[in-house]
Amino acid sequence: KQEVTQIPAALSVPEGENLVLNCSFTDSAIYNLQWFRQDPGKGLTSLLLIQSSQREQTSGRLNASLDKSSGRSTLYIAASQPGDSATYLCAVTAGNQFYFGTGTSLTVIP
Amino acid sequence: DGGITQSPKYLFRKEGQNVTLSCEQNLNHDAMYWYRQDPGQGLRLIYYSQIVNDFQKGDIAEGYSVSREKKESFPLTVTSAQKNPTAFYLCASSPFTGGVYEQYFGPGTRLTVT
Chain D
-7 KQEVTQIPAA LSVPEGENLV LNCSFTDSAI YNLQWFRQDP GKGLTSLLLI QSSQREQTSG
53 RLNASLDKSS GRSTLYIAAS QPGDSATYLC AVTAGNQFYF GTGTSLTVIP
Chain C
8 DGGITQSPKY LFRKEGQNVT LSCEQNLNHD AMYWYRQDPG QGLRLIYYSQ IVNDFQKGDI
68 AEGYSVSREK KESFPLTVTS AQKNPTAFYL CASSPFTGGV YEQYFGPGTR LTVT
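Read top to bottom, the protein sequences are chains D and C.
Per the working numbering, the very first residue in the first sequence carries number -7; after that it's consecutive.
Per the working numbering, the very first residue in the second sequence carries number 8; after that it's consecutive.
Simulated from the structure, these hints should not be mistaken for laboratory data.
Be a bit skeptical, because a hint or two may be false.
Unchecked claim - Facing chain C, a subset of chain D residues (Cβ under 8 Å, in silico): (1) A21; (2) N24; (3) G35; (4) L36; (5) R53; (6) Y68; (7) F90; (8) T94.
All C-beta atoms in this analysis are idealised placements derived from N, C-alpha and C, irrespective of residue type, glycine included.
Just need the whole structure built from these sequences, with the hints factored in.
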């Protein structure tokens, strides 16, 4: 069964710093990988989707990369802002299901 | 606006009562999902449905039931058989076509059972 891991579980950085969140998965046979943001008590908001044939996707200050062979993805956030504070989750699609990591809780300190 | 709606946002029930959580989508997506989220844990799949009148159990289906009578609706019933029902419940949908399986989520329902 696919297992998805996100390290670290929590991260605190000063405003303006660039940062990288990590996601690893055990089975490289995936259709795609999706990064989400979740604010406290809210649903998940999709940030980026990387198809299995792609290496990276960019949206504004966010850049996500995918290395299927090593089972890793990273989410790069440039020039972090306090409004970026949230929990970030990654999910891989394999078969007809989605497998989620437990998330990284990010705090950006003003 | 297209999206997924879940109601109510907060739900309180007494132990022993069944309760139904609503999920509606107007994205014309084929697949719909129910997840449970507990503090410190990832999302766990309860049930999913890829077409109308068909659904499959996820990892933690015991104590839950669903129906899919319409493409846009996928209600979840939490029965009295669910031992620890207090949690945050998330509904999602996906087009599940063309090899691009992107999930879209509703705002969630927080269920508290006392």
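Hints, verified against the model:
Checking D/A21 against chain C: minimum C-beta separation of about 13 Å lies over 8 Å; hint violated. Proximity of D/N24 to chain C holds as hinted, the smallest CB-CB distance being about 6 Å (cut-off 8 Å). For the restraint placing D/G35 at the interface with chain C, the shortest Cβ-Cβ distance is roughly 4 Å, inside the 8 Å limit, so the hint holds. Here the hint on D/L36 is kept, as its CB sits about 4 Å from the closest CB of chain C, short of 8 Å.
About 21 Å separates the beta-carbon of D/R53 from the nearest beta-carbon of chain C, more than 8 Å, and the hint is not met. The closest approach between the C-beta of D/Y68 and any C-beta of chain C is roughly 20 Å, which is over the 8 Å cut-off, so the hint fails. Taken as an interface hint, D/F90 checks out: its beta carbon lies about 6 Å from the nearest beta carbon of chain C, inside 8 Å. Taken as an interface hint, D/T94 checks out: its beta carbon lies about 4 Å from the nearest beta carbon of chain C, inside 8 Å.
Checked against the numbered hints given earlier, this structure breaks hints 1, 5, 6; the rest are met.
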